[in-house]
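So you can see what is in the structure, the chains are spelled out below.
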Amino acid sequence: MEHLVKDQQLTFKDFSTDQDVRWCPGCGDYAILSAMQKALPQIGKEKKDIVFISGIGCSSRFPYYVETYGFHSIHGRAPAIATGVKLGNPDLSVWQITGDGDALAIGGNHFIHVLRRNVDINVILFNNEIYGLTKGQFSPTSKTGIQTKSSPHGTVDKAFNPGKLAIGAGATFFARVVDVDPKKMVDVFVEAEKHRGTSLVEILQNCVIFNDKVFSVVTDKDVKLDNQLWLEHGKPMIFGKENNKGIRLNGLKLEVVTIGENGVTEKDILVHDAYCEDETLHNMLVNMTLPEMPVAFGVIRSVKAFTFNDKLWEQISHEKTKAKFSSIDEVVNSGVTWEI
Amino acid sequence: MTKNIEELEEVVIKFAGDSGDGMQLTGSQFSNTTAFIGNDLSTFPDFPAEIRAPQGTVAGVSGFKIQFGSTSVFSPGDEADVLVAMNPAALKANLTSIKDRGTIIIDSDSFKIKDFEKAQFTSNPLEDGTLDGYNLIQAPITALTKESVTQFDIENKSRTRSKNMFALGIVYWLFNRPLDITENFLDAKFSKSPELAKANKAALKAGYNFAITVELLPSNYTIKPAALPKGKYRSITGNIATAWGLLAAAEATKLKLFLGTYPITPASDILHELSKYKNFDVISFQAEDEIAGICSAIGASFAGNLAVTSTSGPGLALKGEAIGLAMMTELPIVIIDVQRGGPSTGLPTKTEQSDLMQAVYGRNGESPVIVIAASTPSNCFDFAYQAAKLALEHMTPVILLTDGFIANGAEPWKIKKLADMPSITLNMATKKEGWSPYLRDEKKLARQWAIPGTKELEHRIGGLEKQDISGNVSYEPENHEKMVTLRADKVKRVANFIPELSVQGASEGDLLIVGWGGTYGSILTAFSELTKEYKNVGFAHFNYINPLPKNTNKVFSKYKTILVCELNSGQFIRLLKGELSQFNYQQYNKVQGLPFSKKELINEFTKYLK
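Protein chains in written order, with the numbering used here: chain A, 15 to 354; chain B, 8 to 617.
Chain A on its own, in the form it takes in the complex (with noise of 0.2 Å):
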């Protein structure tokens, strides 16, 4: 890693602040900033060139508790923040941390540009399908027919698919977990670090006020080995209890064989290709559903392209090599000038 600090290797404890953490007993946040505070070791940062940028909402408290710098900001602004440090200074590392409805609904236009514009931030998305800190509103990602408090009838809205949102925005990588799984955080955070652009991940975080088991199905543990699909690049889609499910394309769909069934072999199972371009395996991986479907997690796309800064700064060491004035003083006085 280019900025590894040898000498001083930070641990875990390096992470913690001295605030008290105020989420709700039982909370999946717990969890992801235990996960986050064991990634940050790993990404070879020291603590002063990082930076956590949140929005509003449960998941926003998040930087008071990291031992960086740090911006608790305003609703759904937060990408358009991190991009104003980013591009401020391209040598920090920058993560912003954002909920369903800090990022997909108020903040949903500075959502899909800062995706667009593939600037190098990692952007970490506590999905939990409702509105906690106003107190248990359904969100944009709330499946619909959901009652809450200010759906009493059921909600008529259709849900966003944040990984198909993103990649349609033109997302460089999209990453997915669960908070009930710490280890395979820490790694998806270390590699969204890793990569040179945006890198999302979305975390189906659990609130257990107001939504509580949403992801049960999915996480739960007599489930969780048949409802999820854990991808690796170059590894093929396999999946089950037995080990022995896959993902098979079947004319432009996907579909769950068994491996042995009806002369079903390993060989006949998709092999994960999460740096390809072209995002159709992606996208149809990120819209797989249950119960037909299991669950994608894992990083999905990682492919390579320029960063917004990267290029703006170029552009800046470029115009340098070329400038017409080298201060304000030949600025004024350029063009057309007289003397009275």
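Do not take every clue at face value.
Pairs of lysine-lysine residues, derived as DSS-like cross-links and limited to a Cα-Cα distance of at most 27 Å, are as follows [to be verified]:
{"#": "1", "chain 1": "A", "residue 1": "Lys336", "chain 2": "B", "residue 2": "Lys263"}
{"#": "2", "chain 1": "A", "residue 1": "Lys318", "chain 2": "A", "residue 2": "Lys208"}
{"#": "3", "chain 1": "B", "residue 1": "Lys285", "chain 2": "A", "residue 2": "Lys325"}
{"#": "4", "chain 1": "B", "residue 1": "Lys125", "chain 2": "A", "residue 2": "Lys325"}
{"#": "5", "chain 1": "A", "residue 1": "Lys52", "chain 2": "B", "residue 2": "Lys439"}
{"#": "6", "chain 1": "B", "residue 1": "Lys542", "chain 2": "B", "residue 2": "Lys606"}
{"#": "7", "chain 1": "A", "residue 1": "Lys334", "chain 2": "B", "residue 2": "Lys196"}
{"#": "8", "chain 1": "B", "residue 1": "Lys106", "chain 2": "B", "residue 2": "Lys125"}
{"#": "9", "chain 1": "B", "residue 1": "Lys423", "chain 2": "A", "residue 2": "Lys334"}
Here are some chain B residues the structure puts well away from chain A; computed CB gaps all over 12 Å [stated by the list, open to error]:
{"#": "10", "residue": "Gln31"}
{"#": "11", "residue": "Lys121"}
{"#": "12", "residue": "Leu133"}
{"#": "13", "residue": "Arg168"}
{"#": "14", "residue": "Pro232"}
{"#": "15", "residue": "Glu258"}
{"#": "16", "residue": "Ser308"}
{"#": "17", "residue": "Leu338"}
{"#": "18", "residue": "Gly353"}
{"#": "19", "residue": "Lys421"}
{"#": "20", "residue": "Arg447"}
{"#": "21", "residue": "Glu465"}
{"#": "22", "residue": "Gly470"}
{"#": "23", "residue": "Asn610"}
Please keep in mind that the hints were generated in silico from the structure rather than gathered at the bench. Note that beta-carbon positions come from the ideal geometry of N, C-alpha and C, so glycine has one too.
Using the hints, position chain B against chain A.
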């Protein structure tokens, strides 16, 4: 007939035509040449919001007014001595603002029945007596332009396009101006299509020669150079001066300049200008919306840049919450509001001063920020620089108000040197000992700027209420009240660091005329005229709105009446009444999207004078 050369002191010319006729370019060329030969001047471009409004209609008329003279010129003037009307609509739109016996130059080729019907004249104004009493010069401009460019290899549709240059040629002769500045400009503008450059120059020359040859023009005029202070000059508009003032502040502080902005009329020229200077480490970021514009600037400010966002009224409304965040986190940021006619989308290309209340109060909670206002095109340079200085030294957002009138208007500027600008002292935290995120210096109450990348100063800020000194989140009642007071005091104390209010004319008397921001030139023009007759009147113009200059009270106490003139329904006067209620205030307001005229101001002033 022999040609006479008459000497004039000052002249107002209005160029008017369709929005596609190139009137803005014609006007600015005339301004540049006029400035170059040493006249003082002031310009007023006035154009519709539509890029190409329906041709030939009054709604589509684009105008450019310039007043120039051998004495100081503070405003673009009222009624025109010369109107150049490229079509009947341009004539119609300006009929009421030409001086008696003024000169009207028209393109007779565009005065066919169809043309004056489009302009909603019921009969031909050239024949029905409408123009009696004016010196009417009818020139077949379109036809002559076509003829003058026959030898050039250009597209057919370009053949009549140069008619604005033909008209400019006539006016150049009329006012005895040289052609070379515009010729050089055309060479540079069309460097990639030399035939177009030649054609335009030929049309310009043809117009000039036409004026010499025909005997329609009884004389031409000369206007001696103005007695301006010695030095090197250039012509400058307010938006360009604003951009350059920011460049100057960035160079003075060695900070990177970050502009996070969304395009909006009439502020976009600031974005265009600053986008040219990447070589100075200028990061110009065209964001996805107004909110992202300011938020990216706040991020850049957190990261240690000189951060700026530029906008106009509707954009300022959208930025309100973010300005509150910058105020709460006590980060330096400059917000430029080039005011235009409101409310809502309002009159995007017209001028107004109706964002004052929004700038001072337009946020949730008690959210004081510094508000200053530039008052001439050229002093936008000084006030943009000053906005940056105040933001950085006091660690707070600063709103700089300009307006469409001074942003697009031009005047000669005695070029400043960076070395002559006041120094800017940065307030950087560099080491942990004795530092806390919200620890303040005693004089200014400013906190220090601890930017990411600085060892051991890792800390968290945000929009939640801060605990005094530590900056940790605090919901404690007494602390909240203390912080509200501290933030208010911080801005109030800026009064100790800004110039006092100065008065022109009588330092005591019956009447003090008060203005602020972009109306300076208009009021001064009327005031100068007024004082030829009246001596018991003073004029004080405000550039500092929040806080007010320290001596405001003292100045006001010397006059029987304080007359506050503004291009809104009375916003500054409300602020003054709130701060200094003991005076006898009167107000004069205009909300037409237009600057004050000298005549209407003098009429008003004399009501209060014996």
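Quick rundown of the hints versus the structure:
The hinted pair formed by A:Lys336 and B:Lys263 meets the criterion: a straight-line CA distance of about 19 Å does not exceed 27 Å. Taking the CA atoms of A:Lys318 and A:Lys208, the gap is about 11 Å. The hint holds against a cut of 27 Å. Annotation: proposed proximity of B:Lys285 to A:Lys325 holds, straight-line Cα distance about 12 Å (limit 27 Å). Between B:Lys125 and A:Lys325 the alpha-carbon distance is near 51 Å, which puts this suggested pair outside the 27 Å criterion.
Between the alpha carbons of A:Lys52 and B:Lys439 the distance comes to roughly 26 Å, so the proposed pair stays at or under 27 Å and holds. As the CA atoms of B:Lys542 and B:Lys606 are separated by approximately 19 Å, the hinted pair is consistent with the 27 Å bound. With a CA separation close to 24 Å, the supplied pair A:Lys334 and B:Lys196 stays within the 27 Å bound. Between B:Lys106 and B:Lys125, the direct Cα distance comes to roughly 25 Å. Compliance with the 27 Å bound is thereby established for this hinted pair.
Distance hint between B:Lys423 and A:Lys334 is fulfilled; the C-alpha atoms sit about 24 Å from each other, no more than 27 Å. Chain A leaves B:Gln31 outside its interface by the beta-carbon criterion, the shortest separation being 17 Å against a cut-off of 12 Å. With a least CB separation of 40 Å from chain A, B:Lys121 remains clear of the 12 Å interface cut-off, as annotated. Distance to chain A confirms B:Leu133 as a non-interface residue, since its nearest Cβ pair spans about 37 Å, more than 12 Å.
With a minimum CB-CB distance of about 24 Å to chain A, B:Arg168 clears the 12 Å threshold, and the non-interface call stands. With a minimum CB-CB distance of about 7 Å to chain A, B:Pro232 fails to clear the 12 Å threshold, and the non-interface call is violated. The beta carbon of B:Glu258 sits about 5 Å from the closest Cβ of chain A, which is not more than 12 Å, so the claim that it is off the interface is violated. Non-interface status of B:Ser308 relative to chain A is broken: a Cβ of that chain comes within 12 Å, the nearest being about 8 Å off.
The Cβ of B:Leu338 does not lie farther than 12 Å from every Cβ of chain A; its closest approach is about 9 Å, which violates its non-interface assignment. Even its closest Cβ contact with chain A, about 24 Å, leaves B:Gly353 beyond 12 Å, as expected for a residue assigned away from the interface. Listed as a non-interface residue, B:Lys421 fails to keep its Cβ farther than 12 Å from every Cβ of chain A; the least gap is roughly 8 Å. At roughly 20 Å from the closest C-beta of chain A, the C-beta of B:Arg447 stays outside 12 Å, upholding its exclusion from the interface.
Here B:Glu465 does not stay apart from chain A, with its beta-carbon only about 5 Å from theirs, under the 12 Å limit. Not every beta carbon of chain A lies more than 12 Å from that of B:Gly470, the smallest distance being close to 6 Å; the non-interface claim is violated. With a cut of 12 Å on Cβ distances, B:Asn610 stays outside the contact zone with chain A, its closest approach being about 35 Å.
Checked against the numbered hints listed earlier, the structure breaks hints 4, 14, 15, 16, 17, 19, 21, 22; every other hint is satisfied.
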